[in-house]
Amino acid sequence: MELNYHSIEALLNAAKENNCRLSQLVLTQQAEQMELPEQEIYEKMRQNYQVMASCIQPGSAPDLKSTSGLTGGDAYRMRTAVEQGKNLTGPLLGGALYRALAVSELNASMGRIVAAPTAGSCGIVPAAVLTMQEQYKLTERECVMSLFTASAVGMVIANNASLAGAQGGCQAECGSASAMAAAAIVELAGGAPDMIGSAIATALKNILGLVCDPVAGLVEIPCIKRNASGVAGAFVAAELALAGIRSAIPADEVIWSMKKVGDVMPAALKETAEGGLAATPTGKMLHGQVFGE
Amino acid sequence: MNVFDILGPVMIGPSSSHTAGAARIGLVTRALLGKTPVKAHIFLHGSFAKTYKGHGTDKALVAGILGMQTDDERIRFSLDVAKREGLEIQIETGELEDAHPNTAEITLTAEDGEKVSLRGSSIGGGNILITRVNGMEVSLTGQNPALIVLHKDAPGTIAAVTEIMAEYGANICSFHLAREAKGGLAVMTIESDSCLGPDLNEKINQLENIYSSTLLERV
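Chain order of the listed sequences is A and B.
First residue of the first sequence? That's 1 in the UniProt record's numbering, and the numbers climb one at a time after it.
First residue of the second sequence? That's 1 in the UniProt record's numbering, and the numbers climb one at a time after it.
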């Protein structure tokens, strides 16, 4: 099957022409490319989804601490607020926030996660899909399939821009994850292909230019909370798109601009821990606290 | 690229280069020793030296030395596992010349005194490059089955080794040679697309001018 991952527009056109979900096209094409039965590819993705789900419980434990000792326990705080019905924005957004924190905090404590697309942004896609499953009583199959759509979006970004913070800043990691999650949410909500395109564009536009400035060079501050905002941004983008709001700038052009923005971003703001929050007095103090300087 | 390069791999956090890559460097060292180590000396350079405590790079390297894979949940507790299994660990930090920022030098000692030392770098996304074995320059990724052949620098030695590989239908995808001096100790590192069995390795070990040939499976 002819399906390449160089443009979002081409992917969505293929879904329209075949009158089927993008995820099904991607699964079929990937099975052909990897010379394996569709069932085997699906099963591998299902296992990844199960690993994602298995992160939530340990990631939101009250006594969780990262290896550096800087973070841990915030997913528990958010989860408690949601479960007691005390959070401001209800179970959907609240649920997504605590799950994103849980996966990300588990990563920082040397837990087992799925890079999605990176370890630094590993909480966003799982939080989106797991929360959709819980809130809308979706089947596991629908959720696993939506991960093929999310992956296809990630491949287009990888082919045209970058998924690495060291190359493109946080927009390349949490931004890409947010766009991938937005596409998955729209598909799970039954949105049309054009809505997926608008959601991808909006999610990326809203995080465009975000720098990668980890305190002490560790995947913790501000990465963990950016996973929470990344999934919130995915829901914002999906909600707008599902209401029929179109992105004025098409997704492929947003990806192009993300590449250009990343190219001109100074090295101090690309994972070197020399600028941004890492260079603040508190950021430097925390660095000293961890590494004893 | 496929969907599992985007959603995947399943790994132990927090960083593919500082954790997954480090574990793989440990795994290669263990595979080269080919037996249980009782002592591990680890020298960390660059970003590995500066951030290993926060990233758990030490735990990941030790986990690899203990034979744990990159998605093994025991990586977090590997230092305790090492203690229980009687593996003595020394960690030192400092500067190496001409080394990638994420580099470790590991020396393992087995109970019978046999030693192997290696220099490996974590070059991004969990990928690694082994650049030295026992002080000699090599080039190994660990992504393919490989042979590390210590031999006397003598005419016909390379041909004899590659002839055996041809006989077994093993296609070579990377070949690297280094020697101390003309006619002295030399090392070949050969990576292959196909699985290299113990039979092939045994045959190479019996060749003239070969000191040792070590088979390294894909890690």
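There could be a bad hint or two in this list.
Below 27 Å or equal to it, Euclidean Cα-Cα: the simulated DSSO-like pairs (lysine-lysine) are [to be verified]:
id, chain 1, residue 1, chain 2, residue 2
1, B, K115, A, K65
2, B, K50, A, K284
3, A, K65, B, K53
4, A, K65, A, K260
5, B, K39, A, K225
6, A, K284, B, K83
7, A, K65, B, K35
8, A, K225, B, K83
Negatives, chain B to chain A, calculated, CB over 12 Å [stated by the list, open to error]:
id, residue
9, P14
10, H55
11, E73
12, Q143
13, T162
14, Y211
Simulated from the structure, these hints should not be mistaken for lab results.
All figures in this text were calculated on a predicted structure; none of them were measured in a lab.
Glycine included, C-beta positions come from ideal geometry on N, C-alpha and C.
So, going through the hints one by one against the coordinates:
1. Taken as a hint, the B/K115 and A/K65 pair is broken in the structure, with Cα atoms around 37 Å apart against an allowance of 27 Å.
2. Restraint check for B/K50 and A/K284: the C-alpha separation of about 14 Å stays at or below 27 Å, so the hint holds.
3. Distance restraint check for A/K65 and B/K53: the Cα-Cα separation of roughly 14 Å lies within the 27 Å cut-off, and the hinted pair is therefore satisfied.
4. Between A/K65 and A/K260 the alpha-carbon distance is near 37 Å, which puts this suggested pair outside the 27 Å criterion.
5. This hinted pair does not check out: B/K39 and A/K225 have alpha carbons roughly 41 Å apart, beyond 27 Å.
6. Between A/K284 and B/K83, the direct Cα distance comes to roughly 34 Å. Violation of the 27 Å bound is thereby established for this hinted pair.
7. A distance of roughly 35 Å separates the Cα atoms of A/K65 and B/K35; the hinted pair therefore is violated under the 27 Å criterion.
8. Between A/K225 and B/K83, the direct Cα distance comes to roughly 36 Å. Violation of the 27 Å bound is thereby established for this hinted pair.
9. With a least beta-carbon separation of about 4 Å from chain A, B/P14 fails to lie farther than 12 Å from that chain, contradicting its non-interface assignment.
10. The Cβ of B/H55 does not lie farther than 12 Å from every Cβ of chain A; its closest approach is about 7 Å, which violates its non-interface assignment.
11. A beta-carbon of chain A is positioned within 12 Å of the beta-carbon of B/E73; the least distance is around 5 Å.
12. Against chain A, the non-interface label of B/Q143 holds: every CB pair exceeds 12 Å, the least being about 17 Å.
13. Distance check for B/T162 against chain A: the nearest CB is about 29 Å away, which clears 12 Å, and the non-interface claim stands.
14. Consistency note on B/Y211: stated as away from chain A, and its beta-carbon is indeed over 12 Å from all of that chain's, at 40 Å minimum.
Hint compliance for this structure: hints 1, 4, 5, 6, 7, 8, 9, 10 and 11 are broken, all remaining hints hold.
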